[in-house]
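Input sequences plus hints: build the corresponding full structure.
There are 2 protein chains.
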Amino acid sequence: MIAVDWGTSSLRAHRLGPDGKVLEKREAPLGILQIQGGDFAAALESQAGDWEAAGETTILMSGMIGSRQGWSEASYVECPAGAADLARRLHPVAWRGKTLRIVPGLVDRSGGVPDVMRGEETQLVGALPALGPGRHTICLPGTHSKWVRVEDGRIAGFRTHMTGEVFAVLKQHSILGRLMSEGPDDDAAFGAGVDRAREAGGLLHHLFGARTRGLFDELPAASLSSYLSGLLIGHELAAEDARAATVHVLGAPHLARRYLQALERLGRSAAALDPDAAAAGLFRIASSPS
Amino acid sequence: MIAVDWGTSSLRAHRLGPDGKVLEKREAPLGILQIQGGDFAAALESQAGDWEAAGETTILMSGMIGSRQGWSEASYVECPAGAADLARRLHPVAWRGKTLRIVPGLVDRSGGVPDVMRGEETQLVGALPALGPGRHTICLPGTHSKWVRVEDGRIAGFRTHMTGEVFAVLKQHSILGRLMSEGPDDDAAFGAGVDRAREAGGLLHHLFGARTRGLFDELPAASLSSYLSGLLIGHELAAEDARAATVHVLGAPHLARRYLQALERLGRSAAALDPDAAAAGLFRIASSPS
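Those protein sequences? They're chains X and D, same order as listed.
Take the first sequence: its position 69, counting from 1, is numbered 69 in the numbering used here, and each next residue is one higher.
Take the second sequence: its position 101, counting from 1, is numbered 101 in the numbering used here, and each next residue is one higher.
You may find that some hints are simply not true.
As the list claims (entries may be wrong) - Partial chain X-side listing against chain D, Cβ under 10 Å, derived: (1) M1; (2) D115; (3) E199.
Said to hold, decoys possible - So the derived label-pair ranges between C-beta atoms look like this: (4) D:L266 with X:P289: 47 to 53 Å; (5) D:R26 with X:K171: 35 to 41 Å; (6) X:E27 with D:P29: 49 to 55 Å; (7) D:P29 with X:L215: 54 to 60 Å; (8) X:E27 with D:A42: 54 to 60 Å.
The set of hints was computed from the structure by calculation and includes no laboratory data.
Cβ atoms here follow ideal geometry from the backbone N, Cα and C, with glycine treated the same way.
So this is what it looks like as structure tokens:
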């Protein structure tokens, strides 16, 4: 089969064997925001057209390709949901005389305000077998971090935190960025930010400290970005359920390291999951009874 | 005397009588960020040169004109501080053969991380006589909101919240702004944001709801900005001391109304102070024994 993880900034296409093994993988900077004129069919053809021509008939995609800004909008499935629930609600799209399918996103309405994910549900489906049955807490850090409760192989509910995006806009567009200079990660400054997040005053107050600590030379300009990162991740962690026995972190190595570091500092048990779980998730969904 | 309130975006010059009464007032969009080539002397001359020529010898200024980006940097005075403490630390600058003086800013180091204000200390000195002796809590909403504890006519301490700036950068530069359209203030959406801030999940999570409530048509595009404002102001209030008998709000009418509305919704006693307090503050400082 052909398994495509298609997000905002990149397209990752995999050709999988009958056992789910990745036979070939291709990655291109063809995220949905980079596609000229919305010609998603041509973009997919450039990456996986030869696989289709060679006889592949099952083509499954996940990620922002199923959003309103993507190829065709796939609706959201309500939590709790697992691989079989997603498989029952695949969204069909015509391509080269065949029907490819897009995995729907998830919505959790249990928090009063609806929360959504799109793409992470497939990564989770790919990662869950490694965790086994029972209850688990998974954190997927990123622009919009997800904290996910899993119960017996299904996604019970989740919350999104805008941590990564708030970090980026404050650094680029607020007064906080003006004192900052580029520098390597500063683990001590990051840790100081995580610690600060546990004190009184609230996030909006703590943020101002990323300016004043620079003004008063308490932190060098090259360390302020790490401090700001620690503040924001610290506040994200403070808002999440501290009762989880272990927080499983599923994310790109650099960011996952930050979260593991912060969790460790707070005395929580944490473990990294293989971040390359989308292809496995697409295979599991394609293999589920629908 | 000549009393000048000189901030980031505007210059307000007042000519005061011997009793502090405002004889004449001039306002110009000559904030420190608008001054070409840093020629502050010429900008002041354009607004108050004739008053100086007419014989005024006491010239006092407050605000960002005393910052590193201003005319000449005035240092910070430690809290607690009142009018007399500020008067003892005025920062001299030569102008037209005379010496004008800049009121220093304040620093509060009691919170572990230094916090600063510049300009608000003078507004506070102008507003305090109306409050009388004892303890008071004053909120000065804005780009960087200040929450100030006053004890017997002196500023005991304060905390800054980046509420206004975070609102602006999220609206202009984050995904939240993409679903928003311009519209009149929506008091119900603002109130819903204030209420949401009291629930679990934290600010970084609540912010994402300003997207999903738009995506799911729970709030119209023209109301999302009011909702975001309510979320942020609600989190600012949640972080501040709820024990204050009355919160005195000193700010521009539109913003002060928002804060009064939110405080009322939280069941707190709140009252507006006259926002035009800088000239009175400069007069009080000039009249203090130094």
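Going through the hints against the structure:
{"no.": "1", "hint": "M1", "in the structure": "violated, 31 Å"}
{"no.": "2", "hint": "D115", "in the structure": "holds, 6 Å"}
{"no.": "3", "hint": "E199", "in the structure": "holds, 7 Å"}
{"no.": "4", "hint": "D:L266 with X:P289: 47 to 53 Å", "in the structure": "holds, 52 Å"}
{"no.": "5", "hint": "D:R26 with X:K171: 35 to 41 Å", "in the structure": "holds, 38 Å"}
{"no.": "6", "hint": "X:E27 with D:P29: 49 to 55 Å", "in the structure": "holds, 51 Å"}
{"no.": "7", "hint": "D:P29 with X:L215: 54 to 60 Å", "in the structure": "violated, 26 Å"}
{"no.": "8", "hint": "X:E27 with D:A42: 54 to 60 Å", "in the structure": "holds, 58 Å"}
The structure does not agree with the numbered hints 1 and 7 stated previously, though it agrees with the rest.
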